[in-house]
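The hints should help you fit chain B onto chain A, whose structure is shown.
Chains A and B, in that order, give the protein sequences.
In case it helps, this note's numbering puts the first sequence at residues 1 to 171.
In case it helps, this note's numbering puts the second sequence at residues 1001 to 1075.
Hints may contain errors.
In silico lysine-lysine, DSSO-like type, Cα no more than 30 angstroms apart, as pairs [to be verified]:
(1) A:Lys151 / A:Lys140
(2) A:Lys166 / B:Lys1075
(3) A:Lys151 / B:Lys1046
(4) A:Lys151 / B:Lys1044
(5) A:Lys69 / B:Lys1008
(6) A:Lys166 / B:Lys1067
(7) B:Lys1060 / A:Lys171
(8) A:Lys80 / B:Lys1008
(9) A:Lys170 / B:Lys1075
(10) B:Lys1075 / A:Lys140
(11) A:Lys142 / A:Lys167
(12) A:Lys171 / B:Lys1067
(13) A:Lys166 / A:Lys140
(14) B:Lys1046 / A:Lys167
(15) A:Lys142 / B:Lys1075
(16) A:Lys140 / A:Lys170
(17) A:Lys151 / A:Lys171
(18) A:Lys151 / B:Lys1060
Covered stretches of chain B, as calculated for chain A (at least 3 residues, CB under 8 angstroms) [said to hold, decoys possible]:
(19) 1038–1049
(20) 1066–1072
Pair ranges (Cβ atoms, derived) [what the hints assert, rightly or not]:
(21) A:Leu144 / B:Lys1044: 23 to 33 angstroms
(22) A:Leu118 / B:Ala1068: 41 to 51 angstroms
(23) A:Phe113 / B:Arg1018: 22 to 32 angstroms
(24) B:Gly1040 / A:Lys171: 20 to 30 angstroms
(25) B:Gly1040 / A:Trp102: 31 to 41 angstroms
(26) B:Gly1040 / A:Pro154: 13 to 23 angstroms
(27) B:Ala1016 / A:Lys80: 25 to 35 angstroms
(28) B:Phe1021 / A:Leu144: 45 to 55 angstroms
(29) B:Val1033 / A:Tyr37: 40 to 50 angstroms
(30) A:Gln143 / B:Asn1055: 21 to 31 angstroms
(31) B:Asp1043 / A:Pro154: 15 to 25 angstroms
(32) A:Glu68 / B:Pro1007: 23 to 33 angstroms
(33) B:Leu1019 / A:Lys171: 49 to 59 angstroms
(34) B:Val1039 / A:Ala93: 21 to 31 angstroms
Because the hints were derived from the structure by calculation, they are not lab data.
C-beta: ideal position from N, C-alpha, C; glycine also.
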Amino acid sequence: MLPKAAWSLVLRKGGRGRRGMHSSEGTACGGGKTPRYTNCYAQRHYPMPEEPFCTELNAEQQALKEKEKGSWTLLTHAEKVALYRLQFNETFAEMNRRSNEWKTVMGCVFFFFGFAALVIWWQRVYMFPPKPITLTDEWKAKQLQRMLDMKVNPVQGLASHWDYEKKQWKK
Amino acid sequence: MAPEVLPKPQMRGLLARRLRFHMATAFVLSLGVAALYKVGVADKRKKAYADFYRNYDAMKDFEEMRKAGIFQSVK
Chain A
1 MLPKAAWSLV LRKGGRGRRG MHSSEGTACG GGKTPRYTNC YAQRHYPMPE EPFCTELNAE
61 QQALKEKEKG SWTLLTHAEK VALYRLQFNE TFAEMNRRSN EWKTVMGCVF FFFGFAALVI
121 WWQRVYMFPP KPITLTDEWK AKQLQRMLDM KVNPVQGLAS HWDYEKKQWK K
Chain B
1001 MAPEVLPKPQ MRGLLARRLR FHMATAFVLS LGVAALYKVG VADKRKKAYA DFYRNYDAMK
1061 DFEEMRKAGI FQSVK
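Isolated chain A, as found in the complex:
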């Protein structure tokens, strides 16, 4: 959103400046002609595009554009809708419609989670070296016993959950 707004500012400044310089030559080249990738399509975060949606107008559309230069109260409802459709490719309701894309995205995300899990499981079985001595169960048991003997965190932490009389965890 921010780059597009900044880019449009740059375009407008460049266009106006260059038109000002070339106006004496008669043919006003409209600054840098960017290809019509997105400047004619409104988006929810950029609802007023620079270019109108239809640029090649047939005869009756040209006549309608001429009529638009007059008083708008003379336009019929159908003509107003036609003018809107010339300027924008979708209404706000059409542009903001929901889609089911999120289901596809979440499905693919979970699929690759699962695939990665399978790969890591295979690696655990066939590739991982033996555990360091400090992570074996016997060492961890001795470590926990030493921590309880030292009364680590006796107020709210580890030793506060151990019952020293009954030699078991408090219920």
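Structure of chain B alone, referenced to chain A:
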């Protein structure tokens, strides 16, 4: 013109309405979270420490640790 005319939407005061709602909500939520923290965390912790140290005997604690054999300076 269109067969049915839609009601005119709210045109003014949109930011003010949004700010009013969100300021009030933010105020209430902040106070609520702060109160819950004070009761659930801070006061609970102070009570736990007070209860622990009320009848704490440091020498008895030291003797237990010495008997467990964790010290290098005294056995």
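So which of those numbered hints doesn't the model satisfy? Structure breaks hints 23 and 34.
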